[in-house]
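Work out the full structure, taking the sequences as your base and the hints as a guide.
Protein chains: 2
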Amino acid sequence: MKNKITKEDSRLNKLDKSAERIGMGGNLIPNMTEEKYKERMQKRKEVQTQRLKERKKEKGLIIVNTGQGKGKTTAALGMGLRTIGHNHNVAIIQFIKGGWEPGESLAFKIFGDKLKFHACGEGFTWETQDRNRDINLVKSSWRKAVSYIKDPNYKLIILDEIIVAIKLGYIDEDEIINGINLRPELTHIVLTGRGASEKLINSADLVTEMKLIHHPFREQGIKAQEGIEY
Amino acid sequence: MKNKITKEDSRLNKLDKSAERIGMGGNLIPNMTEEKYKERMQKRKEVQTQRLKERKKEKGLIIVNTGQGKGKTTAALGMGLRTIGHNHNVAIIQFIKGGWEPGESLAFKIFGDKLKFHACGEGFTWETQDRNRDINLVKSSWRKAVSYIKDPNYKLIILDEIIVAIKLGYIDEDEIINGINLRPELTHIVLTGRGASEKLINSADLVTEMKLIHHPFREQGIKAQEGIEY
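These protein sequence lines map, in sequence, to chains P and S.
To get our numbering, take the position in the first sequence, counting from 1, and add 19.
To get our numbering, take the position in the second sequence, counting from 1, and add 19.
Please note: incorrect hints may appear among the correct ones.
Identical copies go unnamed one by one, so any copy, or any two together, can satisfy a pair.
[To be verified] Restricting the straight-line Cα-Cα distance to at most 30 Å, the calculated cross-link-like pairs of lysine-lysine (BS3-like) are:
#1 K230 with K242
#2 K133 with K62
#3 K133 with K76
#4 K242 with K158
#5 K186 with K64
#6 K135 with K89
#7 K230 with K89
#8 K163 with K72
#9 K135 with K33
#10 K55 with K89
#11 K230 with K36
#12 K78 with K57
#13 K218 with K230
#14 K133 with K57
#15 K218 with K76
#16 K186 with K89
#17 K135 with K62
#18 K55 with K158
#19 K72 with K158
#20 K128 with K55
Hints were generated in silico from the structure; no laboratory data involved.
Next up, the structure:
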């Protein structure tokens with residue numbers, strides 16, 4: 020797979036390099052004349068137009084948001100918001116529930132039928148204190164998720180914290196990987212949670228690691244706040 | 020600053036270590052009896068309750084989403100969605116505009132007056148091909164941003180791609196850092212864009228680097244898709 024470079028790929032690589040060479044513009048070379056600047060940006064514009072032309076395939080993507088940092092779930096939510104903005108339906112299945120009523124679910128009501136939201140379970144492991152119940156809830160949520168995955172009426176399915184459910188041993192990773200491949204050609208699926216395995220990463224089209232750059236003293240003692248954590 | 024460890028910090032550190040020692044539970048030690056499991060999760064629950072009690076401060080945060088990966092803007096949007104869910108007002112100022120009508124702005128209409136959205140400029144540098152106009156637009160957007168920052172009616176201000184505007188030399192970083200410090204005590208501000216400087220990172224309370232784990236062959240030739248890129 021890694022060695023198969025198509026003609027199309029090499030055309031795209033060339034365009035990417037041209038774009039890089041021309042640069043982003045801006046005010047970084049202030050002694051460049053306006054005329055010269057305009058000319059350069061004109062060239063960049065031509066490269067951009069070519070780039071857009073070359074990238075013509077549409078594809079339902081498997082997207083993984085992982086890492087120890089913040090933003091895994093919130094980035095998925097933002098994608099949901101955009102997708103609804105384009106008038107498509109979105110389903111969110113939350114596999115590990117926090118101990119509070121999330122701001123998301125309050126905001127979700129406004130979207131009516133365009134957004135389906137299912138919260139699995141009743142809280143963290145230390146809230147339920149019952150493995151078997153947790154496992155059953157995760158499994159039944161997964162069955163629900165599969166029904167949305169297969170349904171061509173949904174453009175985006177968010178499997179929130181499903182990676183944590185895998186890590187806790189509540190559900191089999193292969194079952195998830197097989198399940199997400201049942202989606203229609205143009206459906207996108209987002210999986211979130213820290214600790215994605217190599218195998219899951221390799222099954223995905225786009226993987227982002229949210230990496231926390233610590234500010235320990237600034238974070239200490241500050242409680243979970245509305246909008247930020249929930 | 021780094022050496023100042025308060026009593027409160029050391030209590031929090033102890034609790035964090037206890038939580039780590041007890042673990043998250045789940046199905047990872049399947050030969051543990053149900054009774055033993057319940058007991059362990061009971062202990063973890065006690066630690067969690069203590070943790071929540073210790074973390075009691077509320078504070079308006081400076082949040083930076085940076086890095087080469089995806090999710091910087093979408094995570095900020097998700098935070099906006101949550102904040103509105105809690106019935107607060109949100110303002111978004113977009114400093115670098117994409118070449119298309121974003122799905123966000125379509126979705127935003129549904130929130131009415133709870134969400135103010137301002138798109139600065141008419142597109143990337145290679146669309147306008149005019150540095151001076153770009154600079155003026157960025158500066159006028161910044162003035163608008165400052166008026167929202169100072170307004171106690173807004174709980175969250177998103178300065179989208181402002182870090183790119185700084186990097187392009189369109190606006191002075193110190194001006195931004197001084198400006199965000201004009202916020203009321205409990206207002207959160209999110210700054211997004213790749214290439215945050217050390218100085219900006221040190222001014223923030225919470226910094227996340229969105230790191231792209233590449234899948235170059237899978238991404239090649241795929242066009243920008245609704246909900247994913249715009």
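Now for the hints, and whether the structure bears them out:
no.: 1; hint: K230 with K242; result: both (21 Å within a copy, 27 Å between copies)
no.: 2; hint: K133 with K62; result: neither (42 Å within a copy, 41 Å between copies)
no.: 3; hint: K133 with K76; result: within (26 Å within a copy, 37 Å between copies)
no.: 4; hint: K242 with K158; result: neither (32 Å within a copy, 35 Å between copies)
no.: 5; hint: K186 with K64; result: between (46 Å within a copy, 20 Å between copies)
no.: 6; hint: K135 with K89; result: both (24 Å within a copy, 24 Å between copies)
no.: 7; hint: K230 with K89; result: both (8 Å within a copy, 12 Å between copies)
no.: 8; hint: K163 with K72; result: neither (38 Å within a copy, 36 Å between copies)
no.: 9; hint: K135 with K33; result: neither (43 Å within a copy, 40 Å between copies)
no.: 10; hint: K55 with K89; result: neither (42 Å within a copy, 32 Å between copies)
no.: 11; hint: K230 with K36; result: both (28 Å within a copy, 21 Å between copies)
no.: 12; hint: K78 with K57; result: neither (36 Å within a copy, 45 Å between copies)
no.: 13; hint: K218 with K230; result: both (20 Å within a copy, 18 Å between copies)
no.: 14; hint: K133 with K57; result: neither (44 Å within a copy, 39 Å between copies)
no.: 15; hint: K218 with K76; result: within (25 Å within a copy, 41 Å between copies)
no.: 16; hint: K186 with K89; result: both (18 Å within a copy, 24 Å between copies)
no.: 17; hint: K135 with K62; result: neither (45 Å within a copy, 35 Å between copies)
no.: 18; hint: K55 with K158; result: between (62 Å within a copy, 23 Å between copies)
no.: 19; hint: K72 with K158; result: neither (43 Å within a copy, 33 Å between copies)
no.: 20; hint: K128 with K55; result: neither (52 Å within a copy, 40 Å between copies)
The structure fails hints 2, 4, 8, 9, 10, 12, 14, 17, 19, 20 (numbered hints given earlier, in ascending order).
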